[in-house]
Amino acid sequence: MAFAAPKESYNGSVYAVTIGTGDKAVTVGGENALQFHSFEGDMPNRPLIAYEIQDVPPEDWPENVKKVFDGVSDCPVKWAKFCQDELKARAIALRLVGTHPDREDRSAEDAAKTVKDVLAAIDVPLIILGSNHAEKDTAVLVAAAEAAKDRNCLIGKAQETNYKTIVAAAMANDHQLIALSELDINLAKQLNILITQMGFDKERIVTDPMSSALGYGLEYSYSVTERIRLAALTQNDQIMQQPILSDIGMYVWKVKETHASESDQPQWGPAEDRGILWEAESATAMLTAGAEMLIMRHPKAVAAVEALIDELA
Amino acid sequence: MALSGVEIFKLLPKTNCKKCGQATCLAFAMKLAQRQATLDMCPDVSEESKKVLGDAAAPPIRPLTFGSGDKAVKMGEETVLFRHEKKFVNPCVFAVEVTDTLSETDIASLCEQVLNSEMDRVGQKLRIDSIAISNASNDAGKLEAAAKTVAQKAPGVPVIINTTNPQAAEAAVKIFVGNKPVLYGANAGNMDAMAAVAKASNAILGIVASGLEELSALTEKAKAQGVEDLVIDSGARKAKDILEHNTLIRRAALKKSFKPLGYPTINFVTRECSMTEALVAGISVAKYASIVVLGSIEKWKNLALFTLRQNIYTDPQVPMQVEQKIYNIGDPKPDSPVLITTNFSLTYFIVSGEIESSRVPCRLAVIDAEGLSVLTAWAAGKFSAGKIAAFITESGLDKEISRKELVIPGYVAILSGAIEDKLPDWKIVVGPREANALPTFLKSRA
Amino acid sequence: MLIIGEKLSIIAKRVREAMMNKDKGPIQEIALAQANAGAGMIDANIGPAEDGGEELMQWMVTTIQDVVQLPVCLDTTNFKAIEAGLQVHNNDWGKALINSTSNDPERFPFLELAVKYNCQIIGLTVGKGGLPADAEERCALAAEMMGRAMEYGLPLEDLLLDPLVLQIATCQDHARHVLNSVSMFQSINEPPMKTIVGLSNISNGCPKPLRPILNKYFFILLENAGLSHVIADPKEMAEAAHDRQMVLDVFSGKEIEDKAKMVEIQKTIDVLMGKTLYAHSYLEM
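Read top to bottom, the protein sequences are chains A, B and C. One point on numbering: in my numbering, the residue at position 138 of the first sequence is 138, and numbering is uninterrupted. One point on numbering: in my numbering, the residue at position 275 of the second sequence is 1275, and numbering is uninterrupted. One point on numbering: in my numbering, the residue at position 271 of the third sequence is 2271, and numbering is uninterrupted.
Okay, chain A solo, but in the shape it has when bound (with noise of 0.2 Å):
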């Protein structure tokens, strides 16, 4: 019996979304398969990593990740500029962290003045995200979106309780927008659909569905995200052909993979290596259930995961 590469090919394909401007814009998605998959299809744009700094210093980060960013992340510009210039960063996600109510607290117009100064110093697409305290976010990324006018930024994240006003703002400051949804791929579509029923063009959204460390959940981040491609390329699902987020280095540089010493857990070998593989790991799943954009954080995870999709290219 002769053997015939048993191929498939999609009703569907994934929207191209575009952030920042001039010559250092990036595009994502666009692909008519599977992420990977060019035995079968079209991928016309490179999976993005974009490099996670924040407004305040890392205090919370493990160590062997805040100590790569010593003397630059006391400044969110000069952390901007060290990732843009020293670390090759094709994009950067600023996570104004500090403006949770529980933390610094810091006002809208701080993250204001904190965006305008990071997109003066670098040419790179931004990506700019609340603290994920719903309903301050609101006001911060109004104030946020205002002040990087012009620069074609990916905004988020708004999510089913606050996406009006994140959602108008955008809209009013011609801006991509992340849509978040908590692990459920039919919320993911509601929120589309409310999103869009606002007059927001459903090909400048990014789905966030919500990326889980190795170990803690990953298969629940890996399945629905798989489950959306899929929809997007099997059913045409108009609504859900959108490109997907993985923010994924927040939730590994959290669990104790990445934080216990190899004295307090001498069979999980070294931390620095097992901290860095964890994140590449994590990021490696996630873009191969089809994720097209990850935020990451340190850099030599950054640099396997890329050397991998030189690899998968």
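I should point out that these hints are in silico values taken from the structure, not numbers from a laboratory. There could be a bad hint or two in this list.
Here are the computed distance ranges between Cβ atoms for each label pair [what the hints assert, rightly or not]:
(1) C/S2252 x B/G1069: 53 to 63 Å
(2) B/S1257 x C/E2190: 25 to 35 Å
(3) B/M1119 x A/A5: 35 to 45 Å
(4) B/G1069 x A/K67: 41 to 51 Å
A few chain C residues that don't get close to chain A, going by computed Cβ distances all over 12 Å [as the list claims (entries may be wrong)]:
(5) D2066
(6) E2157
(7) P2191
(8) A2225
Positions of the beta carbon are idealized from the N, C-alpha and C atoms, including for glycine.
Position chains B and C relative to chain A; hints supplied.
Quick look at chains B and C alone, frame taken from chain A:
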């Protein structure tokens, strides 16, 4: 495609004679469909039915047992392309490569690493399952010597003999007779001889080809020689090719009933850089490999790969559960809060994570609710006032704490009265409904 | 089709309060309304009922049967409460129905009760090892329960197989698995096994206006597949009768006159059959 239980049932005598050990023909049909029974257990099945059942009932990816005794591992039996459809059946095998050019000491050391690799995670034992002994030297004597060392230093561990030399193969595989090893290295040039060795020694034959057409032809050749326990390698070594070939093989077997590729797959992912190797291995694990051969097995790498395998192979219909007990988060004092929740692992990780980020030390009582989340467990009667009261009483908590207050999840506020009746010394406090409100809740009470 | 009225459930506030206060009024009012709307049996759902379950179930059974001449479906996980209810059940108008047993060993004693009291029992096709993934797995569980029923001495015609309806909002794929199960359950025995579903589960968690739409159209498809019993709102079932032909026409690809209704039916069928992802606003798309 394998027959369904109902389709099999239609081909059985339907007499419910019970000679097969099942109460009804229907029950037997279901067992057959799940390969928990064999057709020869039914003495009355017609010749015609036997034919149909024999051909069509075979699983699309051949089931194999690799190794023997308590270290044996199962492969094959897969039925879906995506884990959300149905669980992936047999977790992939991790093997570490031992080359026969290494010194005996180095080989012994690798063997020891394999034996010490076992870890416990969420109640499962995870380990490096196998050792691949590669004939890098091309010298039959060296291969045999290396095999002897492995047999001695890692007894019972399932072994892959990796050589393209049939004489070397024969000598080495003898050492593992009775342990169902894999004999890998059969290719277009040596198939007849290698198949003969595999057949004589009852080994699984590992076939390597350059591409899927050649691979299909080679498995047919092996089958014609009476060797059907096969693992297959398309020759893919780059991540891109591994992904493509593993996917096409799985699709061909499942969706096209293409028997020549209906076998477990073996991927060699060895790399200079251990980090890169770990990520390529990750692609293999997620995308359909049955055996993943690594070059090195550092503890930090094993931890990540074992966890990834565990995550990918978790049954989507069965919640992962953590152990029922009182977990100390931070360093709780006698007056630290006591909270209770169910043992669904995701619930546990989320709730304990929120408690940790609140920086308020607490005791988290986790009760066995068969892995159900709070609301579901309550509805099923598995997170009831009686069960909660019994657990708290039997835990001996009242000796450790000065403040007998129990924080219950907001979704089961309805239980507070009933729990208070059954725990008369305790005050019940209704906590938030969502875990992410815990930090604010805990800090406000601190 | 036997309709079992679902409205007397502890989840409903008015009913819960009536149960707590042993206030017969609301219970009898609702029982009567359901009987008048076409129910052939009344479900009494007292929840896990850890405390005072026996008393409560007996009170419910007698209160209901005082005003309607129908058998009762005893709905609780409390074994003693079931037995107590069976002891006072009036069998003149039909056998009682135990809700439920399953393939979980903790539920086997309920099967014994059905034999002891010569009543019917619902068998949920679920076991201890998690939810069944598809129709195949439900069938395997059904086969085991049927074998056990025969072993215990329960006539198979008194076992109603329930393929476990799950919420479409979170378990969309199971809607079509349930539909396939109902068909399959009929090929596994001669005469075909009786089948039953807790219909409203399909729309649990959906916006209120969607619930009757999902309930009714799903019911029509299930009935078309051979469903023999249903636990549902009898009023909704009466409305479903109106829509039956239209739904079946659209399901088989025919055009119907009422175009707006046709769109509503088609979208709902697409979601039930897994052709389109469910979202709360699916009808607006």
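Legend entry - Violations among the numbered hints, reported as their numbers in ascending order: none
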